[in-house]
Amino acid sequence: MNNQSDFAESADLPATAADVPSSEDVISVDGELSLDAIEQAYQRALEISDAEHLEASSSPTDWPAEGDAIDPSPEETAPCEAGGTVEAVGEAASDDDELLSLDEDSGPSVRPRQVLEALLFVGGQPLTTRQLADSLGGEFPHEEIDELIDALNHDYFVQNRPYEIRLGEGGYRLTLRSEYERVRSRVYGQGPREVRLSQDALEILAFVAYQQPVDRPAVEETGKKNAAGLLRQLLRLELVALTRREDGTVTYHTTTRFLELFGLGSIDDLPRAAEIRFK
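Quick note: the sequence shown uses UniProt numbering, first residue 1, plus one each step.
These aren't lab readings, by the way, just hints derived from the structure by calculation. The beta-carbon is built from N, C-alpha and C at its ideal position, and this holds for glycine as well. Everything hinted at is true.
Label-pair distances were calculated between CB atoms; the ranges are:
#	residue 1	residue 2	range
1	Glu221	Gln159	39 to 47 angstroms
2	Leu119	Ser266	31 to 39 angstroms
3	Asp268	Gln114	41 to 49 angstroms
With the hints as extra help, turn the sequences into a complete structure.
Spelled out as structure tokens, the structure:
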């Protein structure tokens, strides 16, 4: 475990929020990081991120000068003879009729794996095994759905794809692999400004960070109202992830994104508090 001075250096947020208060400002008198100190550092990161976002949004945008001509498309400039439009529409309709009249078996078949991949790609929300099975007409047992997911993940790994299918709270989701989190953060600005947490959510996050791995009953024993809902929120924000053991037990732990958000090199850089007090 690193000492407190090491934490002061590693807890600095990335370059976009490099002015977070020093360890003297965030570490309590008894030398331990309190929950109030975590909240103070997080709020400071929000203020810095908001200021940078405001500065970026106020930058001038280059717009086309008034009077600049826009080249019309060939379809707009092509001469139209009398009846030409009607004839073209009629031909297009005829082509559509021919396509619709084709035997469905003449086209390439769609495999169940492709259907599952499409559902997870466009869905956004996690999908349970039952929902995926129902989407395939209910013809596949849940065990086969899990095997199809494993086969897709195997293909992604062999092809070195930047994403994978993960089983999380609420079902399966197609997500980026952890090593690509920094790329997404740079492009989409996934930082403190986009990850706004309530006081209760911050306390649950701090509990998981210090006590991990923890199970849901342990989180609910903290006495926070809607602890399970707050845990699901942290899962959606990818600050917390779950692991399913062989005996079926589910435990929760912090993620790489959590470390990046709070400027930590590893979980060992998190100072150990003797006790976490909930308000």
